[in-house]
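**Q** Chain residues, written in single-letter form:
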Amino acid sequence: MAPRLTAVLDWLQERLGTREQFTRFLDRRLPVGTTWWHTLGSAALFLILLQTVTGFFLAFYYVPSPEHAYDSLTYIQNEIPFGRFVRGLHYWGASFVVVVVFLHLLRVFVMGAYKYPREMSWIVGVAIFLVVMLFGFTGYLLPWDQKAYWATVVGTHIAGTAPVIGEYLWRILQGGVEVGARTLGRFYAAHVLILPAILYGLILVHLSMVIYQGIAPTPRGPLARIRKEDYTRLYEESKGRGETFFEHLLRDAVVAFVLVAALVLVSATATVPMEEVADPTDTQYVPRPEWYFFFLFELLWRFPGEWIPVATFWIPLAAVLLLFLLPFYDRTTGRHPLRRPVASGAGAGALALIAVLTYQGATAPLPPREGAAMPQEATALPPALAKGAAVYEAQGCSACHVLKGTGTAAGPDLTRVGARRDEPWLKRFIKNPSAVQPRSAMPPYGDLAEDELDALGKYLASLR
Amino acid sequence: MASTTTADPHDPAATQSLTPARRRFVSVVLGAIGAAIAAIVGVPLAAFFALPALRRAERRWLEVGSIAEFAEGQIAKVLAKPLAAQVWPYETRQVALYVLNQGGGKFALYHIHCTHVGCPVRWNAPAGRFFSPCHGGVFDRDGRVVAGPPPRPLDRYEYKVDKGVLYAGRVYRVNEKLEFAGWHHA
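Protein sequence lines, in the order shown, are assigned to chains A and B. The opening position of the first sequence corresponds to residue 1 in my numbering, with each subsequent residue numbered one higher. The opening position of the second sequence corresponds to residue 1 in my numbering, with each subsequent residue numbered one higher.
Think of the hints as simulated: they come from the structure by calculation, not from any bench. Please note that a few of the clues may not be correct.
[Claimed, not checked] Some chain A residues judged to face chain B by a derived CB distance under 8 Å, without partners named:
1. Val-286
2. Gly-305
3. Ile-308
Only a predicted model underlies this, so the values are computations on that prediction, with no experimental measurement involved. Ideal Cβ positions, reconstructed from N, Cα and C, are used throughout, including at glycine.
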């Protein structure tokens, strides 16, 4: 080492004891069997740091007001060198963070790493996960395009369905009676000041705990079970044979590099979606959430009317509490997933449910745009059927039915309805659905003219 | 090393003045000072944050248009503008609403947000119904729920007619019988 550098290090050592601190941090031993799976935490931290840095730079040009937000982002994207790329890093990076933080949570769950003596690390980790979701929710509004605006109208509306405090929560979030300038100001302040302060505070605690307790061992060998009596002895033994954190950093670095490479590739090739500037008066817009809120969008289908708070409040609340309290109700000593079938089964079930709902949300058909041609070209139909197709479109049937992939799936898919029902049945049903099927949710169309009903019945019966 | 004349901070004897009673006293005073600081700074900050959001009757009257423009029995989408000049934050620079002329000088003015989770409802004239694009909510021309998950009919604006001009005011909720059921965000 250069003598001058050594002198500087010596100077620091005398005043701060840096050498011991570094040694204690870097040369601490890890238990046997620390794997690539154990890089997910550091990968999450790395991505969060990257979001912070790209966020700093976006803040140089971004203006948080309804008059300027959209234009400032257009400016970032179109005028500033690397603007598209830097925004891409932040935009796609957000999804990377959500995925990696979730995988980290999953890894800790599968390996039973939340058990004694790391219960607090788990609780703080769940809090970090929730803060990350809040980052997604608040950051989403900032571009002030249609998608951003309507997602926030829906998001704040959903907060408003909470029992008792809903109304206050709604207005506090909006900063007023509508989503507007004050909403944007609030979300901006939360996104760039308050949430980062909370996040880094939590991360500091989370990391201190990992350093204090040491990383949880892989659930193999004697440490596949955790008993308070012999845990410390077994863990120290395992550490005696393990590698150092400094060596493990190699894995962390490789993962960080791969993530950056992937993120750069995506940011350089994919365009960040940007819709028209927010228009609160548009009644043709079809709001859809970001992919990590699809499960909630789909859940809303299952709980209509007075049951809405079950989807918007009680199920999310129960899920969050179940997550937080996991170390306290899963008190088995086994750490291997097969040794705690109840926890593993429940976790796998919840995961499958979220996956199914997310898939359904991702593949849900969209209602047709006003004036757009029907999926089945009306002109290609014989006149007798064309009239029915026109009635189908004019009556807004696609608001509740899917036909060849277009429409909203509130009611049955009608793509092949003719194969299931004949014309007389269809006509009777349309006129008064609950007279034919008492449990039908479809509103009666008794006000439909006789010739229109005939045409619609013929048309639907022809769909096979 | 330990000298009897110089105070050593690491000397356990130096902490002997901290009796349990004294520890309690210091803790209570520290807590009180901390709480006072938190209150002095926190109360104004909390008010600063929350009160603008909870302020009542912020909406001014919006000019919807001449009543002659609204044919009886028809529903029209209107972009209404506030009467008074707007100051920041221009929350209501332009507001979209649906107007139904019920005849006999009566009107129904609907908020465009679905009462389920707030998606913008579309008026479909041939069908005579409002449709939400999100979860299949359907409302009839009177704003009643005819299908889907919305928990209540479309929210409405209070209105007044002055010299043949229709004005929209605050937003309120109605029950299944379309009776007043409370101000929206009040």
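**Q** State for each hint whether it applies.
**A** Hint-by-hint comparison with the structure:
Given hint, Val-286(A) at the interface with chain B, holds; its Cβ is 4 Å from that chain's nearest Cβ, closer than 8 Å. Restraint check, Gly-305(A) versus chain B: the minimum CB separation of about 5 Å is within 8 Å; hint holds. A cut of 8 Å between beta carbons decides the hint on Ile-308(A): the least distance to chain B is about 6 Å, and the hint holds.
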